[in-house]
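Trainee: Starting from the structure of chain A, add chain B where the hints point.
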Amino acid sequence: MTNHWIDIQHSDCILVMGSNAAENHPISFKWVTKAMENGATLISVDPRFTRTSAKAHIYTALRSGTDIAFLGGMMNYIIKNKKYFEPYMANYTNASFIVGPKYSFADGLFSGYDAKKHKYDKSFWAFAKDEKGVPKRDLTMKDPRCVFQLMKKFYSRYTPEKVSAVTGTPVADLMKVYEAYAATGARDKTGTIMYAMGWTQHTVGVQNIRMMAMIQLVLGNMGRPGGGVNALRGESNVQGSTDHCLLFHIWPGYLGTPRASLPTLAAYNKKNTPKSNDPLSANWWQNKPKYMASFLKSMFGDKGDKANDFGYTWMPKIDDGVTYTWLDIFDEMYKGTIKGFFAWGQNPACSGANSNKTRQAMAKLDWLVNVNIFDNETAEFWKGPGMNPKAIKTEVFFLPCAVSVEKEGSITNSGRWMQWRYKAANPPMGTKPDGEIMVELFDKIRALYAKGGKFPEPIRNLRWDYAAGGKFDAHAVAKLINGYFEKDAEVKGKKYKKGDLVPSFAFLSADGATSSGNWLYCQSYNQSGNNAARRDLKDPTGMGLYPAWSWCWPVNRRILYNRASVDLMGKPWSPNKNILEWKDGKWVGDVPDGGWPPMDVNPAKTKRPFIMKPDGVGSVFGPGRADGPFPEHYEPLECPVDKNLFSSQRMNPVAPVYSTKADPHFTCDPRFPFVGTTYRVTEHWQTGVLTRWQPWLLECEPQLFVEMSLELAKLRGIKNGELCVVSSARGQVEAKAIVTGRFRPMEVQGAVVHEVGLPWCYGWVHPKDGGDSANLLTPSTGDPNTRIPETKAFMVNVVRKGGA
Amino acid sequence: MEITRREFLKWSGAAGVAGAAMCLGLDLRPVTAYAAQLGILTAKVTTTICPYCAVGCGLIVHTNQKTGKIINTEGDPDHPINQGALCAKGAGLYQMAVNPNRMTKVLYRAPNSDRWQAKSWEWALSEIAKRVQKTRDASFTAKNAKGQVVNRTTAIAHVGSAALDNEECWVLQAIMRALGLVYIEHQARI
Numbered sequence: 001m002t003n004h005w006i007d008i009q010h011s012d013c014i015l016v017m018g019s020n021a022a023e024n025h026p027i028s029f030k031w032v033t034k035a036m037e038n039g040a041t042l043i044s045v046d047p048r049f050t051r052t053s054a055k056a057h058i059y060t061a062l063r064s065g066t067d068i069a070f071l072g073g074m075m076n077y078i079i080k081n082k083k084y085f086e087p088y089m090a091n092y093t094n095a096s097f098i099v100g101p102k103y104s105f106a107d108g109l110f111s112g113y114d115a116k117k118h119k120y121d122k123s124f125w126a127f128a129k130d131e132k133g134v135p136k137r138d139l140t141m142k143d144p145r146c147v148f149q150l151m152k153k154f155y156s157r158y159t160p161e162k163v164s165a166v167t168g169t170p171v172a173d174l175m176k177v178y179e180a181y182a183a184t185g186a187r188d189k190t191g192t193i194m195y196a197m198g199w200t201q202h203t204v205g206v207q208n209i210r211m212m213a214m215i216q217l218v219l220g221n222m223g224r225p226g227g228g229v230n231a232l233r234g235e236s237n238v239q240g241s242t243d244h245c246l247l248f249h250i251w252p253g254y255l256g257t258p259r260a261s262l263p264t265l266a267a268y269n270k271k272n273t274p275k276s277n278d279p280l281s282a283n284w285w286q287n288k289p290k291y292m293a294s295f296l297k298s299m300f301g302d303k304g305d306k307a308n309d310f311g312y313t314w315m316p317k318i319d320d321g322v323t324y325t326w327l328d329i330f331d332e333m334y335k336g337t338i339k340g341f342f343a344w345g346q347n348p349a350c351s352g353a354n355s356n357k358t359r360q361a362m363a364k365l366d367w368l369v370n371v372n373i374f375d376n377e378t379a380e381f382w383k384g385p386g387m388n389p390k391a392i393k394t395e396v397f398f399l400p401c402a403v404s405v406e407k408e409g410s411i412t413n414s415g416r417w418m419q420w421r422y423k424a425a426n427p428p429m430g431t432k433p434d435g436e437i438m439v440e441l442f443d444k445i446r447a448l449y450a451k452g453g454k455f456p457e458p459i460r461n462l463r464w465d466y467a468a469g470g471k472f473d474a475h476a477v478a479k480l481i482n483g484y485f486e487k488d489a490e491v492k493g494k495k496y497k498k499g500d501l502v503p504s505f506a507f508l509s510a511d512g513a514t515s516s517g518n519w520l521y522c523q524s525y526n527q528s529g530n531n532a533a534r535r536d537l538k539d540p541t542g543m544g545l546y547p548a549w550s551w552c553w554p555v556n557r558r559i560l561y562n563r564a565s566v567d568l569m570g571k572p573w574s575p576n577k578n579i580l581e582w583k584d585g586k587w588v589g590d591v592p593d594g595g596w597p598p599m600d601v602n603p604a605k606t607k608r609p610f611i612m613k614p615d616g617v618g619s620v621f622g623p624g625r626a627d628g629p630f631p632e633h634y635e636p637l638e639c640p641v642d643k644n645l646f647s648s649q650r651m652n653p654v655a656p657v658y659s660t661k662a663d664p665h666f667t668c669d670p671r672f673p674f675v676g677t678t679y680r681v682t683e684h685w686q687t688g689v690l691t692r693w694q695p696w697l698l699e700c701e702p703q704l705f706v707e708m709s710l711e712l713a714k715l716r717g718i719k720n721g722e723l724c725v726v727s728s729a730r731g732q733v734e735a736k737a738i739v740t741g742r743f744r745p746m747e748v749q750g751a752v753v754h755e756v757g758l759p760w761c762y763g764w765v766h767p768k769d770g771g772d773s774a775n776l777l778t779p780s781t782g783d784p785n786t787r788i789p790e791t792k793a794f795m796v797n798v799v800r801k802g803g804a
Numbered sequence: 001m002e003i004t005r006r007e008f009l010k011w012s013g014a015a016g017v018a019g020a021a022m023c024l025g026l027d028l029r030p031v032t033a034y035a036a037q038l039g040i041l042t043a044k045v046t047t048t049i050c051p052y053c054a055v056g057c058g059l060i061v062h063t064n065q066k067t068g069k070i071i072n073t074e075g076d077p078d079h080p081i082n083q084g085a086l087c088a089k090g091a092g093l094y095q096m097a098v099n100p101n102r103m104t105k106v107l108y109r110a111p112n113s114d115r116w117q118a119k120s121w122e123w124a125l126s127e128i129a130k131r132v133q134k135t136r137d138a139s140f141t142a143k144n145a146k147g148q149v150v151n152r153t154t155a156i157a158h159v160g161s162a163a164l165d166n167e168e169c170w171v172l173q174a175i176m177r178a179l180g181l182v183y184i185e186h187q188a189r190i
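Sequence lines, in order, name chains A and B.
For what it's worth, my numbering labels the leading residue of the first sequence as 1, then goes sequentially.
For what it's worth, my numbering labels the leading residue of the second sequence as 1, then goes sequentially.
A few of these clues could be false.
Listed below are several chain A residues computed to face chain B (Cβ distance under 7 Å; list not exhaustive) [unchecked claim]:
{"#": "1", "residue": "C245"}
{"#": "2", "residue": "I411"}
{"#": "3", "residue": "W417"}
{"#": "4", "residue": "L441"}
{"#": "5", "residue": "G453"}
{"#": "6", "residue": "F455"}
{"#": "7", "residue": "Y546"}
{"#": "8", "residue": "L697"}
{"#": "9", "residue": "E699"}
{"#": "10", "residue": "P702"}
Label-pair distances were calculated between CB atoms; the ranges are [to be verified]:
{"#": "11", "chain 1": "A", "residue 1": "V799", "chain 2": "B", "residue 2": "P111", "range": "35 to 43 Å"}
{"#": "12", "chain 1": "A", "residue 1": "V799", "chain 2": "B", "residue 2": "A110", "range": "34 to 42 Å"}
{"#": "13", "chain 1": "A", "residue 1": "M387", "chain 2": "B", "residue 2": "N101", "range": "21 to 29 Å"}
By construction, these hints were calculated from the structure, which means they are not laboratory data.
On a predicted model such as this, the values are computed, not experimentally measured, just so you know.
Using N, Cα and C, we set each Cβ at its ideal position, and we do this for glycine too.
Isolated chain B, as found in the complex:
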C-alpha cells in the first residue's frame, strides 16, 4: 500500500497513542511498511554538531547511499550535552541542507546595474583576485605617518565568520593577514 509522508505523520501521531488506537481496531501495517521504505537502516550515518548556537549539540545525519542525498537528521542520543534532544532550529537542520531556496549560482552585479548576472566560478574568482590586487597595491602603506613600518592596506576590510569551521577560520585569517589587511573583524565583535 502506498502512503504519502503527510499521511504517515498523521498515522504515526495516532500510533503515539497506540493503545487507544488498537482498541479502535486501527491497522498499523501501512506505518510499518512506510518505515521500512525510509531507508534509514541502510543509510550512511555520520555525526555532526549543530551549526546554530554554541551549546554544541550532537546530531546524526542519514545519507541515502545510492543517491548521496541527505534523508534525515536527528539528535545524537550518545552526545553527552544534548543526549538526543534538540531545539526547534537544530531539529530542523535537514531543511538548511535540503532546501530549494539555496543559492546555487555565482552572481555578479556590475556598477550601476539593477540586476544580477550568473557567472562561472572561474570568472568570478579571477575577477575578485584582480580587484584585490588593484585595491591593495593602490593603497599599500609601507610606512605610516610617523615613518614606522606597517606593511598594510586600510582600503580593504573583511568581516566574518563564526559560522566557519576552525580550520577555515585559521586559513582565512592567514590569507587576510598575508594580504596586509588590518580591518579584520567578525561576529564576535557585535
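Bound-form chain A, shown alone:
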C-alpha cells in the first residue's frame, strides 16, 4: 500500500476491484465504513456479488480477466470528459514527456516486438531527450508525441460499447462507475483503490495494476490522503517477506539479484544504478551502491572487504534472461532437475497453480523438508489421491514449528507498519520456533563445511554473530537488519564508533563502513531502541498517521509520495486533507518524501516528488514493463471467446506458457464451456493449512463448494447443495453446489457466458470430506513481468456428480 489502512477513511470514493475486502480483510471495512459515514461512495466491481458488494453504493460485474478493458474505458471517459486533475498531471507525472520516434502501436502489438522470442526490445519506447540527456517535455500536453496525447489516442479505442462487449458489463453500469470514480479528479477530492489477487493472478496482472495507477495519477490521487494504490496483502508478513526478498529476483531492499554477466560489484553498480541528468530529479536509486555494500557487509561482516568486493563473488548469480520463479521451480522439478526441496511455512501442494503438476513434481525429488504447524498436503503428498507410495522415492522430513505467539519478532503489515510481537508462552514440547530450526540446521551444515565440501567460503564466512550458541535472537537480527557502523566513522559532523547502530539509511556508505541487512529498514532499531515496539497513540496531524505507533518503512513515512499531496507552493491540494504542508521554511506533518523545498518556492533547490523514479515523476507511460508502456486488453490463456475485440492478439504475446504433459490448456473448447475463478472465505486462510484444523472455523466453512447462477444450475440440472464435479484440462474436484443470484450470466460478444467460482482453501488431508484444492483446476501460466500464475481466470466444466 502506498497509503495505510486508517487512511482509507479520508477517501471520497473507494473502488474495490480485484479484491473482496469485506470478507478477506474484514477489519479494513472499519475504515471503509468510516469513509462512507463521511459521505464517500463505495464501488464494488466483481464477477460475483460479495459481501463487499452488499455494502456498496454501486455494484456491477465483469467477466474475469477483463479488468484492463473495464479500466481502459474509464481512462477514455476521464480524458474525453476532461475529468483529470491537470496541474497535478502536468507537473507530477510523465504525461507531458515526449516519447521517442521508435515508439508505435498497431493491432495489439507495440513496436520492438520479436515474434520468434515472444519478447519486446524496450529501447523502442524510450523518451526523446534534449542535448543534456533530459527527457523533453511539453507542459501544455498538446504535442502529438507527448504521453498524454498518445494515451488519449490509445484509450479512445476503449469505447463503452466495445468495453461492454468484452467485459459483459452493461454500458449503463460502466457509466455509473466511471462517473463516480472520475469525480475524484476534482482538486479537493481523492479516490482510492483496494485490490488484491483478483488483479495480480492474470497473464496481464501487472498491467491491471498499472492501468489503475495511471488513473490515480491523472486524477491526482497519488501521495494524498484517501488516495494511493493499495494492495491488500493477504499474509500477515508477506510485505516483510517481500521486503527481505525470499524471491529469486531481488536481494533485501529490492536490490536486483546479480546476473552472471556482472562479475564484479563495480560492474553490477554500473549496470543497475539509474542515472538522471535532470537537476529536478532526486533519483533516489543513485544510492544503490551504498545499499549493496551495506547488505553484503551484513552477510559476511569482517570477512568481506573492498579487496574481495565484500563477498559479492561468493553470492550465487542468475543467468541473464532466465527466470527462476515459482512456476519455473515446479516445471524444473517436474522435469527432474531439482533434487532437494524446502517447503518452509508453505503448502505448495495446494497453493500454486496446477496442483497435479506440483504434486507429481514432488514425487521426482530425492528429498523434501516441510516445516509447518499442522499436517498438510505437501508433507503427505506421497500418499495423496492417485499416488502410489511404493513407487515414490522422495524422502520427506516433517519439522513441527511454533505459532506466532510462542516466539518474539516483528511482522510488517500491508501499510508497511513493522509491528513487534511478544512471546506469550513456550512452544509445546517437541516443536521449535522457525528461527531456532534455521540456526540449528545451519550450525550442522557449517560443521560439515568446516571439514570440506565444494566452495565452502560463503557458508564458512556467513556472518553468524546474531545466532551465538545455537540460539536465534530476534533482537540481534533486527539490529543487523537495521545496520551497524562497521568502523569508527564521522558522518554529518557526528562521530560513530564501530558497533554503533546506524541512525537511518542516509548514513549508509558504499565503502564498507556500514552494514545494513535491508536499507529500507534502517532506522527501525537504532539509538532510540526497538521502534517497531512503540505504542504511543499521539496523532499530531489529526489524520490518523500515528507516527509513534510501531514504525513504518521508509524512515517512518506513513504515506508514500506525500510531496505530491501539495501544490507547487507546498500547500495541500485540499485543505481538509492536510498530511503535509510547507510552513515557515520547513515541512510540517508526515515525514516528507525528501526534504527539498516545494517546486515554486525554490526552483533551484527543489526535486520532484516521485523520488524513486529516475525522472522524479509518476509513470503514466511505463517503458519498463515486459508487455508494453500502456496496458492493453488481452484475453486469458483460457477464455470463452476466440476473438479479442481490441486486436488480433488473443492473449498477452509475451506471457509465459509451459508445455510439459501436465500443462494442457484449451480455449473455446466445448468440453470446458464456463469461466472459472477462485477466491477465499473469511473463516479460512490461504490453503486452509492453519484454519482447517481449528474446529471453530471449520464448522463455519466445512467443505469445498462451487458457486453458480440460478440460470446455469437450471441449464445443468443441478440443485442447491448437490455434489458436483468441476473439471478443467488439468484436473477435477468434487464440490457442493451453491446456487444463488450472486453469479449472473453475462452477455459477451453477443453470446451468454456463465462463470463459476470456488474457494481454494481445502485439501484432501483434513477434513476427510472437505474436498481438495481448487488449484487442481488452474493453469501454469502467468504474468510476463512477475510470473504470478493466472489462477483467477480459466475454463471449466460443471456437472452433477453421477449426472451427464
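Mentor: Just chain B now, with coordinates in the frame of chain A:
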C-alpha cells in the same frame, strides 16, 4: 457453585440482556463467581499482531502465570487499526495455539515407504544437513555454459514463507543464498 464453560456462555448470553434477566429474577452470582476464576486479572499480558491477513490487527494474549499456558486472546482496544475488533479468524487465534491437532513430533518418511516414523530433532537436522551437502556439492556450478562465474546450485529449491517474522525471513534468505540457491521463492509470487 461449580459452573461449566458451556453453561457460563449460556448465562453470559443471558446477561447480555441483563435488564430483562433481572426482571425474571435471574441470579447472576454464579457468573460473577466464574469470571473470578478465569484468571485473566492475574495473567501475564502480552501483545501480538494477528498472523493471518496483512491488516495487522493487534491482539492481547493472557497467559496463566502458574501453568505458562495461554488462556485467552482478544482484540487490543488500544490498537489504532482494529481498535479491539477482530474478524472470525483473528478472534479464534487462541485455537491456533491451544489445539490438540498440532504436530508435535518430527516425522520421517523413508524412500518408497507408506508410513511416517517419529524421529528426534537431532537425527532429522543432521540428516537434512547431510542431504543438503550431498545435493549441493553434486550439483554445484562454479561457471555457467558461457563460462561466467555463477557459484550456485539449481538442484535445491526453497519456497516460503510470508508466515515468518521479519527476522526469520532475513536469516532464511541469508542461509539459502550462502548455500548458493537461486530457486528461492515464496507466497508473494503466487
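Trainee: Does the closest beta carbon of chain B sit nearer than 7 Å to the beta carbon of A/Y546?
Mentor: Where the cut-off is 7 Å and the nearest Cβ of chain B is about 5 Å from A/Y546, the hint holds.
Trainee: Would the hint on A/W417 be counted as holding, given a Cβ-Cβ threshold of 7 Å to chain B?
Mentor: Since chain B brings a Cβ to about 6 Å from A/W417, closer than 7 Å, the hint holds.
Trainee: Grab the minimum C-beta distance from A/E699 to chain B and call the hint holds if it beats 7 Å, violated otherwise.
Mentor: Hint on A/E699: violated, closest Cβ of chain B at ~11 Å, above 7 Å.
Trainee: How does the Cβ-Cβ distance of A/M387 and B/N101 compare with 21 to 29 Å: does it lie in that range?
Mentor: 23 Å, holds
Trainee: If you take the shortest Cβ to Cβ gap from A/L441 to chain B, is it below 7 Å?
Mentor: 5 Å, holds
Trainee: Hint A/F455 vs chain B: min CB-CB distance below 7 Å?
Mentor: Check passed: Cβ of A/F455 comes within 6 Å of chain B, closer than 7 Å.
Trainee: Quick one: are A/V799 and B/P111 within 35 to 43 Å, going by C-beta?
Mentor: Taking Cβ atoms as reference, A/V799 and B/P111 lie about 39 Å apart, which means the hint holds.
Trainee: Go through the hint on A/P702 and say holds or violated, using the shortest Cβ distance to chain B against 7 Å.
Mentor: Constraint on A/P702 not satisfied, violated at 14 Å.
Trainee: A/L697 was flagged as interface toward chain B. Is the shortest Cβ-Cβ separation under 7 Å?
Mentor: 6 Å, holds
Trainee: Answer holds if the nearest beta-carbon of chain B is closer than 7 Å to that of A/C245; otherwise answer violated.
Mentor: Cβ of A/C245 sits 6 Å from chain B, so the hint holds.
Trainee: Does A/G453 pass the interface hint, meaning its C-beta sits closer than 7 Å to a C-beta of chain B?
Mentor: This interface hint holds because 6 Å falls under the 7 Å limit.
Trainee: Given the hint of 34 to 42 Å, is the C-beta distance from A/V799 to B/A110 inside that range or not?
Mentor: 41 Å, holds
The earlier numbered hints that this structure contradicts are 9, 10.
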